[in-house]
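Let the hints inform the model, and build the full structure from the sequences given.
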Amino acid sequence: MADKGNDPAVIWQTMIGEMEKGFNSFANQAMGTPEFSRLMNQAGGFAAGAQKQLGELMERYLVSMNLPSRSQLVGMAERLQSIESQLNEIRALLNQMNRSASNAESPAAAKPRPPRTKRPPGEKEQK
Amino acid sequence: MNAPLGIDAASIAERVQSEVQRAIQRSIKGVEYLSTSGPSLGSTPKDILHVRGTMNLYHYRPVADEIYRVPVLIVMATTNRGYILDLVPGQSFIEFLLKRGYDVYMLDWAAPKPEEKHLGMEDYVLDFIPDCVRRVQQDSGEMDVSVIGYCFGGVLSLLYGSIFRDGPMKNLICFTTPIDFREMKLFSNFSDRRYFDVDRLIDSVGNMPPELILSSFEMLRPASRAASQVQLWDNIWNDEFVKSYRMFDRWATDTLPLAGDYFRTITKDLMWDNKLYNDAMSVGGRAAKLENIKVPILHAVAEHDHIVPYEAARHLITKVGSTDKEEVILKGGHVSLVAGANAIKRLWPKLDSWLGKRST
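Top line first, the protein sequences correspond to chains A and B. The numbering of the first sequence is this note's numbering, which starts it at 6 and goes up by one. The numbering of the second sequence is this note's numbering, which starts it at 6 and goes up by one.
Label-pair ranges, simulated between beta-carbon atoms: (1) A:Q18 with B:G43: 21 to 27 Å; (2) B:I29 with A:A48: 43 to 49 Å; (3) A:M81 with B:P214: 15 to 21 Å; (4) A:D12 with B:R230: 21 to 27 Å; (5) B:H309 with A:M102: 47 to 53 Å; (6) B:E216 with A:A35: 18 to 24 Å; (7) A:L67 with B:R170: 51 to 57 Å; (8) B:A18 with A:Q18: 18 to 24 Å.
Among the chain B residues that face chain A by a calculated CB cut under 10 Å, a handful are: (9) R20; (10) P67; (11) I72; (12) Y107; (13) F195; (14) D208; (15) S209; (16) A231; (17) V235; (18) R363; (19) S364; (20) T365.
These aren't lab readings, by the way, just hints derived from the structure by calculation. Note that CB positions come from ideal geometry on N, CA and C, so glycine has one too.
In structure tokens, the structure reads:
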């Protein structure tokens with residue numbers, strides 16, 4: 006076999022790895038400066054402010070067009086999620102009732118929880 | 006003729022043949038990759054004990070013939086889903102614990118809804134965790150409960166333990182848990198109080214959007230996503246590599262939003278004022294000093310953790326009031342510490358040997 010130093014696949018992977026490390030380290034240095042923080046937060050702040058204003062404007066527009074707005078759709082999604090979680094709770098309760106019923110009908114068929122008697126392996130060996 | 010280069014003709018032919026085969030495999034598997042979904046994750050059988058808003062409490066069905074007396078409650082980080090600890094059979098931390106005879110519960114989080122933006126730190130520490138602990142006690146019939154917290158789940162567990170100092174927490178295990186937030190240098194710079202107006206952001210968006218959280222994680226290693234995609238293409242012929250890539254990639258991008266007020270407290274009390282480290286933290290008016298924690302504690306940290314660097318985690322063990330305390334530094338990163346091949350041979354056996362003898 007060709008030794009690993011000559012293997013183009015290994016050379017390629019090493020190169021990618023080194024480039025990744027180099028770029029990450031360079032970027033981390035740049036991102037560690039107060040200037041970066043200022044610029045990033047300025048841009049983020051503008052984006053959040055603009056997003057809020059645009060959202061309010063769109064909401065008014067959709068109301069005037071007699072269309073559901075995002076907040077109304079989110080409201081509907083929330084109600085659906087709430088129905089889903091109630092269904093989950095009902096399912097959990099039904100499972101519990103089912104287990105209790107099968108316990109009552111045939112105790113042998115039900116799987117009881119294992120006893121809480123386990124000791125760590127080292128302790129067992131010492132006994 | 007080939008001797009001077011140290012390569013023989015047969016090996017070149019073999020290499021070319023192997024590369025051609027891989028290229029063909031890449032094309033076939035590449036199409037397969039795009040047309041199929043990844044492996045099913047988080048499938049260890051469990052029952053939902055309780056669901057309330059963002060809080061989900063699961064109980065995993067025991068598989069051992071006998072189990073340890075003390076049940077274990079895992080508190081997941083609020084930014085990510087709990088299935089990182091329950092990947093596929095053979096690579097699931099939960100399955101490992103069940104097979105070793107632990108009775109396992111998990112407090113996992115769902116995305117907080119817009120109307121839950123007012124959930125604050127006190128809801129998590131003084132309500133959700135105590136509620137889950139009570140339910141674990143009721144379900145298991147045991148008063149003692151061991152708690153395992155991963156990343157920020159560890160911070161929440163520390164806050165809980167330092168406030169509820171008289172129990173019922175019997176043991177505490179933290180995985181990669183930061184307490185000195187000054188040392189999370191990039192996060193600290195991103196949230197520099199001179200430039201980051203957290204109130205304005207949260208007032209605008211309600212809950213902290215998951216896209217912003219994911220971007221801030223990815224900014225810690227900006228080249229890594231592109232490099233991992235190149236690696237995926239290189240290894241797409243390798244089913245095991247692809248399966249593992251899909252599991253971790255899906256989890257890493259499945260980030261949760263954070264409740265608005267909770268995020269405000271994290272930023273102001275932890276990132277800005279470093280209150281946990283400075284013994285000045287309080288939740289809902291109740292002091293949360295690490296020295297109040299007296300239970301046995303194990304802290305596992307990763308050597309190459311880029312999210313929670315060792316410097317941010319290293320004071321935990323010295324600051325808690327426990328006499329039975331241990332820190333282990335293991336090879337790996339923030340995620341590979343707890344999941345995947347590295348965790349199977351390093352963290353999991355260590356945790357089992359530490360926790361087993363404290364669970365009777």
